[in-house]
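Assembling the complex is the task here: the two chains are given apart, and the hints tell you how they should meet.
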Amino acid sequence: MIEIVGLEKKFKKKSVLKGVDLKLEPGKSYAILGPNGSGKSTLIKSILGLVNPTSGNVYVDGESVKNNPNTRIDIGYMPQIAKFPANLTVRELFSLIEKLRGKKAEPDYYMKAFRMEEYLDYKLGQLSGGTVQKVSAVAALMFNPSYVILDEPTVGLDPVSRMFMKKEIKTLKKQQKTILFTSHLLTDIEDLANEVIFLLEGVVYFKGTPYELSVKTQTENLEEAIAQLFLKEGINE
Amino acid sequence: MNNFWRVFKITFTDVIRSKWNIGFLLFFLGLAFALLHFSDNLSKALISILNVVLFIVPLMGAIMGSMYFYNSIDFIDLLLAQPLKRSSVFLGQSMGLSLGIALSYLLGIGIPFLSFGLMESADIFNFFSLLVSGVFLAVIFTAFSYMIAIFNPDKVKGIGIALLSWLVLSVVYDGLFLIYLMVFSEYPVEKHAIVIALLNPIDLARIMTMLKLDIAALLGYTGAVFKSFFGSCLGLMLSTLAMLFWAVFPFVFISRKGNKRDF
Chain A
392 MIEIVGLEKK FKKKSVLKGV DLKLEPGKSY AILGPNGSGK STLIKSILGL VNPTSGNVYV
452 DGESVKNNPN TRIDIGYMPQ IAKFPANLTV RELFSLIEKL RGKKAEPDYY MKAFRMEEYL
512 DYKLGQLSGG TVQKVSAVAA LMFNPSYVIL DEPTVGLDPV SRMFMKKEIK TLKKQQKTIL
572 FTSHLLTDIE DLANEVIFLL EGVVYFKGTP YELSVKTQTE NLEEAIAQLF LKEGINE
Chain B
4 MNNFWRVFKI TFTDVIRSKW NIGFLLFFLG LAFALLHFSD NLSKALISIL NVVLFIVPLM
64 GAIMGSMYFY NSIDFIDLLL AQPLKRSSVF LGQSMGLSLG IALSYLLGIG IPFLSFGLME
124 SADIFNFFSL LVSGVFLAVI FTAFSYMIAI FNPDKVKGIG IALLSWLVLS VVYDGLFLIY
184 LMVFSEYPVE KHAIVIALLN PIDLARIMTM LKLDIAALLG YTGAVFKSFF GSCLGLMLST
244 LAMLFWAVFP FVFISRKGNK RDF
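Protein sequences, first through last, are from chains A and B. FYI, the numbering for the first sequence is 392 to 628, going by the working numbering. FYI, the numbering for the second sequence is 4 to 266, going by the working numbering.
Chain B extracted, bound-state conformation (with noise of 0.2 Å):
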């Protein structure tokens, strides 16, 4: 095993132990369970769920992303007295942070659903859709947030960039987006809309749960041009690689930053 699994697994220990990731882990269960025994059938809690997954998961994503960072800034400056690369610390601890928020979240809303008869049911590829969107929102804003902790060492600018960036991303985003539509109604903007779609992860997740979900006409027209677009084989490519960008960028520069800066 080398260094970088080390820390990943330290990490990961960790924050399945922490109690705030248990709290998370806890509020999924709950809602849940409540949302599968109120409903007739597993597709109107799964769009129940949808909009909680995607105003929570990245909210609880770029509080813990930063807040770790910060709370463990003097570990991290022990780990780094040892004779290991930067890379394998910050890596290695911004994974584990990650995955361990991601398994919450599959534990929190997978055991519910699983033990509500999901393996029977006709909406396991619209759960599953509902699943890896959300582990993408979990590992894209856990490692965006840490990211953002690692390039600012006053940690209320940290924090406080972080939070920004999600209600940004989460809230203010749309509204523009709305206004965007709404000035430019009387111009083909569905190419631009999606472009502006692709940018957002949380806006790419919700439309491609509600593609599978099949509700995109609540979208109205907009939502009919993302059906014909997401729905097709580029489209769904594309919205991968974009999903995957989003994933992988704030590690690179994790990475990078870790390198240079001084603790």
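Same shape as in the complex, but just chain A (with noise of 0.2 Å):
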């Protein structure tokens, strides 16, 4: 279980997260919503220790993640913006991730799922942005982690590998694993999500289900209640 324990965090003088607790338990899978600047990126790298809180502490199965690298060895994350040194083949980018984990990856079955498998001896500047995506999410999920982050899985995506990556995410919860994403397709939350977490100016505005969502601001669908979140505050994204 990941928990997430009165976490603050400033960059100079701004707040960026303001007291966040959170429990992220096994078999479900949360989508962190909320406008530009909320603090969702900062939630997510908190939690990889790619930010040192200000207060406050992420765990992971009960250990702390500051200066803890081990937190991370059942962590698969897959980056928004997937961005890989362009000299190395692809083969040599899972071989590294592979070794600096030190754990047997199973990339192959990913390639095949994602139709890459020419791609493995390319050179990663010579991939298309979507390759790069690809690669990233094989990165992310070649080591059946128990635990995925996901920043806009679906992004950059042609449709076939957007259904698979859905369809994966839904076997992966199946498998008892957590997973965590962010997301600006309401069609991803909705197919997705077992639970939805709104982030407001650092603090969790909102966590539950999308129907206690829906229940909470008097709406039909997923589009509507997400939108009366945005629009009660003001906010225009």
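Since the hints were derived computationally from the structure, they do not count as laboratory data. This structure is a prediction, so every number in the text was calculated from the model and none was measured. Careful: at least some of the hints might be erroneous.
[As the list claims (entries may be wrong)] Subject to a maximum C-alpha distance of 25 Å in a straight line, what follows is the list of computed SDA-like cross-link-like pairs (lysine to any residue): (1) B/Lys22 with A/Ala477; (2) A/Lys474 with B/Leu102; (3) B/Lys260 with A/Asn448; (4) B/Lys22 with A/Ser519; (5) A/Lys457 with B/Lys22; (6) A/Lys494 with B/Asp77; (7) A/Lys474 with B/Arg264; (8) A/Lys490 with B/Asn5; (9) A/Lys514 with B/Leu29; (10) B/Lys263 with A/Ser432; (11) A/Lys598 with A/Lys474; (12) A/Lys457 with B/Phe154; (13) B/Lys260 with B/Ala245; (14) A/Lys514 with B/Arg20; (15) A/Lys405 with B/Asp77; (16) B/Lys263 with A/Tyr450; (17) A/Lys514 with B/Lys263; (18) B/Lys22 with A/Arg482; (19) A/Lys405 with B/Asp265; (20) A/Lys490 with B/Ser75; (21) A/Lys414 with B/Asp265; (22) A/Lys401 with B/Ile76; (23) A/Lys514 with A/Glu489; (24) B/Lys260 with B/Trp8; (25) B/Lys12 with A/Lys401; (26) B/Lys88 with A/Asp465; (27) A/Lys474 with B/Asp265; (28) A/Lys564 with B/Pro86.
Now the structure itself:
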């Protein structure tokens, strides 16, 4: 389980996270939503140890992530913008990540599913944006991690790959993995999220199921519910 | 192999395959072959190439060090999301990058001189001095510029400061040094001059190589002072220590800042 306790983060004088408390349980997928600057990326990066919290802490399976690289051993991360060293091949990248993790990777299944076996010996700088995004997805999933963090996982993917990605997230949920993702695509949230976490100005403004969100906002579908959340606070995005 | 070496190896591989670095290698290959072809002897070619080395190698280091960091910031994110220490990521990357550039310089200068009979020449030690100075400059400026980048999240500002540092150390510093010597010419400023030279790695590299080439007379009276100091055992030790300090301190700061910086 991932537990976030009283997490605060200030960049100079600006508070980006103001005491976030969350519990992310196995077998569930969570969609993080919020306007620009609400703290979504900072929250994800705090879980990964990329951002040092001002106060509070994040625990992965009971262990603090502060100066503790071992907490990341079972986390797969797919960033929103995937950019890899242009002169390395896909194979070299996967081999590096496999060695860094010290865990046997199984990229073949994902390479086949994303229809990109032929790209294994291509240099990363030669690949299109969408293919790089698929490489990033394979790198995140090929270790069969217990926790999967995906930043806009379906953006830039072709329809077939997008379908596979969504199917895979559902399979991972069934395998009791914890999935945390951000998305601006409401269909993705509707299809994949067990719970929606709406961040606003660094605090958790809403956490619950899409149904609970509809009840709270007195709307009939997720699109309207999320629009209500944005509009109630006068957010135009 | 530990994670530091893995990051080092992958960065080194990426750098030696990069078009910029291959261009850098070809530039020195072309220049050295041309100079050797048109010079009567190796000494003359060495002197000619010295000034290019002192100007171009630090510039290449300053550009590559900061550019590489900013261009790989998303990859750094991915590396930091793996179960490895931050110091392994930053030290592995900065050292892999520095040595990748240093290798291009080594080959770019080394191959032409070797093919023009360096091993049979009396200039082998002078050449070795130029080679070592250039390698030091490549490592120092690449690491220094990477360090500047890690301290500055703003890409334009980081690259600007890196280039400004190169400009100050390669051009402005000497100008100020000369003004200082002229203004205080009636005072015994030689010792100060030695200290000032120790503070700039480009000046250090220049002096060390020029002394080996026995052309210190070109520097006038100050050259004589330099020769007596840097030619001595103490001087050689101090100048080597100063170079080593310049080569090590950026990596210390890279590791420290890397542990604290948010990504």
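Tested hints:
no., hint, result
1, B/Lys22 with A/Ala477, "holds, 10 Å"
2, A/Lys474 with B/Leu102, "holds, 23 Å"
3, B/Lys260 with A/Asn448, "holds, 21 Å"
4, B/Lys22 with A/Ser519, "holds, 19 Å"
5, A/Lys457 with B/Lys22, "violated, 39 Å"
6, A/Lys494 with B/Asp77, "holds, 23 Å"
7, A/Lys474 with B/Arg264, "holds, 20 Å"
8, A/Lys490 with B/Asn5, "holds, 9 Å"
9, A/Lys514 with B/Leu29, "holds, 22 Å"
10, B/Lys263 with A/Ser432, "holds, 18 Å"
11, A/Lys598 with A/Lys474, "violated, 32 Å"
12, A/Lys457 with B/Phe154, "holds, 21 Å"
13, B/Lys260 with B/Ala245, "holds, 23 Å"
14, A/Lys514 with B/Arg20, "holds, 11 Å"
15, A/Lys405 with B/Asp77, "holds, 23 Å"
16, B/Lys263 with A/Tyr450, "holds, 19 Å"
17, A/Lys514 with B/Lys263, "violated, 32 Å"
18, B/Lys22 with A/Arg482, "holds, 21 Å"
19, A/Lys405 with B/Asp265, "holds, 14 Å"
20, A/Lys490 with B/Ser75, "holds, 20 Å"
21, A/Lys414 with B/Asp265, "holds, 23 Å"
22, A/Lys401 with B/Ile76, "holds, 21 Å"
23, A/Lys514 with A/Glu489, "holds, 18 Å"
24, B/Lys260 with B/Trp8, "holds, 20 Å"
25, B/Lys12 with A/Lys401, "violated, 36 Å"
26, B/Lys88 with A/Asp465, "holds, 15 Å"
27, A/Lys474 with B/Asp265, "holds, 18 Å"
28, A/Lys564 with B/Pro86, "holds, 23 Å"
In summary, the numbered hints that this structure violates are 5, 11, 17, 25.
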